[in-house]
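There are 2 protein chains.
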Amino acid sequence: MSISVISTAQQAQGIDFSGKTAIVIDVLRATSVITTALENGAQEVVPVKTIEEAKSLFATCDTSTTLRGGERNALKIEGFDLGNSPLEYTQERVGGKTVILTTTNGTNAINNVKGADEVVLACFRNAAAVADYIIRRLPRCDSPTDDAVGLSYHGSRDVVIVCAGTEGRFSLDDGLCAGMLIELMKQEAEVETDDLGLLLSRFYNESKNNLLNALSGCYHLKRLFALGFYDDIKFCLQTNCVTAVPLLESRTLHSRIVSLQGSDR
Amino acid sequence: MSISVISTAQQAQGIDFSGKTAIVIDVLRATSVITTALENGAQEVVPVKTIEEAKSLFATCDTSTTLRGGERNALKIEGFDLGNSPLEYTQERVGGKTVILTTTNGTNAINNVKGADEVVLACFRNAAAVADYIIRRLPRCDSPTDDAVGLSYHGSRDVVIVCAGTEGRFSLDDGLCAGMLIELMKQEAEVETDDLGLLLSRFYNESKNNLLNALSGCYHLKRLFALGFYDDIKFCLQTNCVTAVPLLESRTLHSRIVSLQGSDR
Numbered sequence: 001m002s003i004s005v006i007s008t009a010q011q012a013q014g015i016d017f018s019g020k021t022a023i024v025i026d027v028l029r030a031t032s033v034i035t036t037a038l039e040n041g042a043q044e045v046v047p048v049k050t051i052e053e054a055k056s057l058f059a060t061c062d063t064s065t066t067l068r069g070g071e072r073n074a075l076k077i078e079g080f081d082l083g084n085s086p087l088e089y090t091q092e093r094v095g096g097k098t099v100i101l102t103t104t105n106g107t108n109a110i111n112n113v114k115g116a117d118e119v120v121l122a123c124f125r126n127a128a129a130v131a132d133y134i135i136r137r138l139p140r141c142d143s144p145t146d147d148a149v150g151l152s153y154h155g156s157r158d159v160v161i162v163c164a165g166t167e168g169r170f171s172l173d174d175g176l177c178a179g180m181l182i183e184l185m186k187q188e189a190e191v192e193t194d195d196l197g198l199l200l201s202r203f204y205n206e207s208k209n210n211l212l213n214a215l216s217g218c219y220h221l222k223r224l225f226a227l228g229f230y231d232d233i234k235f236c237l238q239t240n241c242v243t244a245v246p247l248l249e250s251r252t253l254h255s256r257i258v259s260l261q262g263s264d265r
Numbered sequence: 001m002s003i004s005v006i007s008t009a010q011q012a013q014g015i016d017f018s019g020k021t022a023i024v025i026d027v028l029r030a031t032s033v034i035t036t037a038l039e040n041g042a043q044e045v046v047p048v049k050t051i052e053e054a055k056s057l058f059a060t061c062d063t064s065t066t067l068r069g070g071e072r073n074a075l076k077i078e079g080f081d082l083g084n085s086p087l088e089y090t091q092e093r094v095g096g097k098t099v100i101l102t103t104t105n106g107t108n109a110i111n112n113v114k115g116a117d118e119v120v121l122a123c124f125r126n127a128a129a130v131a132d133y134i135i136r137r138l139p140r141c142d143s144p145t146d147d148a149v150g151l152s153y154h155g156s157r158d159v160v161i162v163c164a165g166t167e168g169r170f171s172l173d174d175g176l177c178a179g180m181l182i183e184l185m186k187q188e189a190e191v192e193t194d195d196l197g198l199l200l201s202r203f204y205n206e207s208k209n210n211l212l213n214a215l216s217g218c219y220h221l222k223r224l225f226a227l228g229f230y231d232d233i234k235f236c237l238q239t240n241c242v243t244a245v246p247l248l249e250s251r252t253l254h255s256r257i258v259s260l261q262g263s264d265r
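As they're listed, the protein sequences go chains F and W.
Residue 155 in the numbering used here sits at position 155 of the first sequence; the count goes up by one each step and never skips.
Residue 188 in the numbering used here sits at position 188 of the second sequence; the count goes up by one each step and never skips.
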């Protein structure tokens, strides 16, 4: 399997994703938020680019079962129900609900990879579940066909990891998570990566015992610290604690939450 | 001083470089070639994007003092005088000559940063000379003004390092050289870098005792190895052995070759 890494949402524009699986990462905080929302029972998350788009879409929805979430400049958007802190997306708030979400980087990245055959969302919290989901779709000696294992099987379809980045620049938190995903997949399959993938998997290997320390100089992390989002950062850097694997279906994100041993993925 | 890193020539398009110093790196092999040509006495190197542009320009030049160099698919262009191996650019071949150069990645990167206030070219061979050149222009307690030290002084002008990349993708060799430059500048001045700069300076620090080993998985290096350019790779990974600092002047590259102790830079 070939894995390449794109360093920003902007760089994903103009790239041909057809025939590929795209994994979008925005650790701080969009993909951590979406994973948490789906893990906590949200029916679906609809990522949109602009505040106006979120408002227009909300106006067409059943407002008793729909929430608007997201941020601009890291802060909650006026009039919205939820900000961009994953800690807000509790079972009580989002269980059974549709969440319309707009963020500065993450929802942009998702919208820029819509040409991919499949779009999966990852963060530190669900990295092992995502890696497992991708690896299980690879051909194996004991499961030669789709039908035999009941999978929507795509063989060794190439993977492109899209780091959302921050304000058009590469962000170290997303890169570290990309390195983690590559390392997890390398443990289970023969993986070839591009140069950025090589660098990031090496970075993860050297940093995995202390992610916070490895990210101490990261611009986005320092910015969220300065804004007082310490608990968010701590939460977003927890690894492999949820099994939600958010998948993009048309323009809707919906999770297939099953245990890692589940037969339906 | 602020240093940011751009990972490909393509990414440099559309970025506003005004007010900035751009350092372009294409280790394998354009900036190594240009540095070598200028170190060996070439009068100037003119980087152009296309083969047609090189031919048209050549037709207007004194052909007794002008050479055409460059590559497509890593190989010498038919009818040209020189390929893209720095070992060809000897004093005997290029001394006193103008070299019109077109390469796949490097000359593209140079042309994409022309909006910068200053464009400097770097590779492993002249990294210390380039770092010294940049640092000497910073304000110092004992040289508060331009006039006092005879410098074309720009104070703490921000630096953008542009890695040329390979076929639109980040290339580890360029990244490692960017990390080296940042580390060299950090030794002499207070430097802030973006997240990619942080990652690359860390990579260089961990790799500096064996650059070839650090680059063993690098796509571009493997490709040149396969084509038999082993001596080129060895040459391009030699560090700090020349003092040429190629500077872009209008559309012409010309070097200011002086010793590191020289008072004219």
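A hint or two may mislead.
Where chains are identical, the list cannot tell them apart; a pair therefore holds if satisfied intra-copy or between any two copies.
The calculated DSSO-like cross-link candidates involving lysine-lysine, where the alpha carbons are at most 30 angstroms apart (straight line), are [what the hints assert, rightly or not]:
1. K208 <-> K49
2. K208 <-> K55
3. K186 <-> K76
4. K55 <-> K186
5. K186 <-> K49
6. K234 <-> K208
7. K222 <-> K234
8. K49 <-> K76
Calculated from the structure, these hints are not laboratory results.
Here is what the structure says about each hint:
1. K208 <-> K49: neither (33 angstroms within a copy, 43 angstroms between copies)
2. K208 <-> K55: This pair counts as neither: shortest intra-copy Cα distance 40 angstroms, inter-copy 53 angstroms.
3. K186 <-> K76: neither (38 angstroms within a copy, 38 angstroms between copies)
4. K55 <-> K186: neither (42 angstroms within a copy, 48 angstroms between copies)
5. K186 <-> K49: Answer is neither; intra-copy 33 angstroms and inter-copy 39 angstroms both fail.
6. K234 <-> K208: within (15 angstroms within a copy, 33 angstroms between copies)
7. K222 <-> K234: within (13 angstroms within a copy, 40 angstroms between copies)
8. K49 <-> K76: within (15 angstroms within a copy, 46 angstroms between copies)
This entry does not satisfy hints 1, 2, 3, 4, 5, going by the numbered hints stated previously.
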